[in-house]
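Here the structure of chain A is known, so what remains is to put chain B in place on it, guided by the hints.
There are 2 protein chains.
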Amino acid sequence: MQTTKFFLKDKDVPKKWYNLAADLPTPLLPPLGPDGKPITPDMLKPVFPENLIEQEVSTKRWIDIPEEILEILYRWRPTPLRRAIYLEKYLKTPARIYYKDESVSPAGSHKTNTSIPQAWYNKKFGIKKLTTETGAGQWGCALAFACQLVGLECKVYMVRVSFEQKPMRKTMMQVWGAKCLASPSEFTQAGRDILKKMPDTPGSLGIAISEAVEDAVSDKTGQTRYSLGSVLNHVLLHQTIIGLEAKKQLAIAKEKKVDVVIGCAGGGSNFGGIAFPFAYDKIHGKKITIIPVESASCPKMTRGKFSYDFGDVSGMTPLLAMMTLGHQFIPAPIHAGGLRYHAMAPLVSQGIVEGLLTPKAYDQAQAYEAALLWAKTEGFICAPETSHAIACVIDEAKKAKAEGKQKVILFNYSGHGLMDLVGYDKYLSGQLKGYCLPEDELIDTLKTLEGFPKANARKTGKW
Amino acid sequence: MQTTKFFLKDKDVPKKWYNLAADLPTPLLPPLGPDGKPITPDMLKPVFPENLIEQEVSTKRWIDIPEEILEILYRWRPTPLRRAIYLEKYLKTPARIYYKDESVSPAGSHKTNTSIPQAWYNKKFGIKKLTTETGAGQWGCALAFACQLVGLECKVYMVRVSFEQKPMRKTMMQVWGAKCLASPSEFTQAGRDILKKMPDTPGSLGIAISEAVEDAVSDKTGQTRYSLGSVLNHVLLHQTIIGLEAKKQLAIAKEKKVDVVIGCAGGGSNFGGIAFPFAYDKIHGKKITIIPVESASCPKMTRGKFSYDFGDVSGMTPLLAMMTLGHQFIPAPIHAGGLRYHAMAPLVSQGIVEGLLTPKAYDQAQAYEAALLWAKTEGFICAPETSHAIACVIDEAKKAKAEGKQKVILFNYSGHGLMDLVGYDKYLSGQLKGYCLPEDELIDTLKTLEGFPKANARKTGKW
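Sequence lines, in order, name chains A and B. Residue numbering for the first sequence follows the numbering used here, starting at 95 and increasing by one per position. Residue numbering for the second sequence follows the numbering used here, starting at 95 and increasing by one per position.
Everything labelled a hint here was simulated from the structure, so no lab data went into it. Watch out, some of these pointers could steer you wrong.
If several chains are the same, the list does not tell them apart, and a pair holds so long as it fits within one copy or across any two.
Using 25 Å as the maximum straight-line C-alpha spacing, the simulated BS3-like pairs for lysine-lysine come out as follows [as the list claims (entries may be wrong)]:
id, residue 1, residue 2
1, K105, K341
2, K218, K139
3, K527, K273
4, K223, K470
5, K99, K109
One chain only, chain A, in its complex shape:
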């Protein structure tokens, strides 16, 4: 009998989050306002509560996780670390493949690791209601769940086309007591303006963000705030509980070192969650390959620019220093909705520039092929985003075989695919092809960055 599951006791759940901003060789570049000057924490107050703004700008290495947040996370945390021995056997690789199973959360993905703290800090600050946007629905579900447990109202603006195509995501949010509206809606000025011009628009994430932010800042009582599911520093901070737990579990599995750490990366929170605690080790001398995996249809990390850019399509957010394809880039409609974001979190982006992280891109045909092999060997059905990480894991395991090395590979199993079976169906019936962004489109979209402030981070040359 071979043990394939490694559990922690509740009491061994990490009590602090890890903040990579404390350890990056170059200090993180500040967000800039419309005037090109660094924005102050005060300017964020209408949008986020002060306690989360503090975390957003913090350079403290370790930040305490309040006991009340841990009490909620205990419902599904610590999550299991599993070893994929059946995939290993199939590949005949000498590598040992471990995965952190974040799919066990009630909302089905890692997103709850930040939705719970965000809801809790808002509640603590006296906020009564959170607004957010959601594309495919993962984040909307996670925030609805968190608001239900913490005791906040929740309003989710869901991109109309997803609202109509994925009605079950809306139902999940409603089960957890949230209000879910198709965006654009009649409820906000931004929504009404768009509907007037384009009554039949399918909506977009950019529009939905505009609506959610407007809804939050226009509450005259000051009791509504906005919540974001990825990209920002405090969101990635909350996710580091994944990697911190994984470290303890690898020790239980008697692994002394990790050679490769892999996570898919859309906005960067899932990847940062598993990777940053290992990036700390790498900064402090350990030899680890750390790979954020993106979709070849939205290759901001492998083919984008490190530049200041807007976080949203309509240019409402501050300018952030990111690996980006330009904020007006509209990626192809691949099934991994979570990977369809034009830019990468500042913390991950700077890690790439400094050579700490080495991104790779896979197209969705490769990803579905990997997902089917995963289901065939390990038995579980993964999310379309997760399948991109698995495609990379398979390549790394084959490489270890070619090199004859007993490498330890760790990846984040960010979510299950039970709400996303349509993509599997299309792949199985031959209707789904790989898609890689053509060079001319890339050149076109990067033009939107002309004239933006330059972003520089030191290339350490160390890694």
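Leaving out everything else, chain B in the frame of chain A:
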């Protein structure tokens, strides 16, 4: 910090299944053939492999679980035992509520506990292919998954209306390499006959069973067999791993006794799985209330007859001694598809007659109300079948409060509801009502049992 999750180590997974047939006060009544005489194991050979027929008729108390089966079950077993402290707090009950979480299996329910052994024993016996029927798709998914891992072909006849309404279930089966056909199909004589008469029929479980059995027995090479997901003795046997694990976990939770054990019951395998190991304790003197929970729309246990009856609508199976509403009963189209079976497993049925088990019925409006309270307090979205058990748990917890007793309540959380959100949507939008079988319909349907052989089991008067 209060511990709410109780894990077993892999090595502590039970190594034997428990067979209630060894301990029932009255020996189990034998199945009868078309001539009214007990059928012999030989007569079952075209349908099931001999090793499973042996288990079906065994009266041995403990049956070894082969190590190779355990190796597969370890992928998700032991499943967690959890304590529902948030529901307890909400109800202000002195009761301690525990639930065994079977929703963590890759196919999402307890069904894999028997699909794996069934596939393995068939493979061992030299079988190459399994056929089965499925209604809502839970069982079809579990068998597809098992055949994929064990290395068998799998063909699932899915009731046409479900095939069309729940296309994602079909996709799941295909991801695991199974062939899934809408039933009635052109592939079997039974299917073709029906299609000729009723080209637009939505299909039924009865028709699908006929097709799956015909497919199995008509394979001239003798390498195909049929597989059933509930009702039969060997199926319930395989599920007892649930209750056996739960016992060990309650000991870890430092509970010395259990007062109430609850499981929803459609064909009886989920209920038998959690309950039989505790029924053993009750037979041997412990005071435990054991409640199988059915749908009020299909009340075979609380309002049916204990009689010999067919297992299927078309009368192809042997006659089994069961609590039944008559094999031609067509229940209302409630969302808990797994509870829409006209009869109850012989082992559970006889336990009811003997007074060992005390069934209760809930209608689906009560069940959805319970499911929403569960999502609000515990955070998880449960299957519509499971919600019936939760409705009963809530009543028992309220009773404990009224009595001022610190009871321990255990129930089986048989599956998650992520593939069944349509019912939640209907409930939330006010389109779903409770439904209780009217008395005149009950009288009508029971008439189909007239002239069937009598079934008697001793009412012990002890419980």
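A quick look at each hint next to the structure:
1. For the homomeric pair K105 and K341, the shortest alpha-carbon distances inside one copy (15 Å) and between copies (23 Å) are both at most 25 Å.
2. When the C-alpha separation of K218 and K139 is checked against a cutoff of 25 Å, the pair qualifies only within one copy, where the shortest distance is 15 Å, while the shortest distance between copies is 66 Å.
3. Taking CA atoms no more than 25 Å apart as the test, K527 paired with K273 passes between copies only; the shortest distance there is 23 Å, against 35 Å inside one copy.
4. For the identical chains of this complex, K223 and K470 are inter-copy neighbours only, at 17 Å across copies versus 43 Å inside a copy, given an alpha-carbon limit of 25 Å.
5. Both within a single protomer and between protomers do K99 and K109 lie at most 25 Å apart by alpha-carbon distance, with minima of 22 Å and 18 Å respectively.
Every hint, counting from the list given before, is met by this structure.
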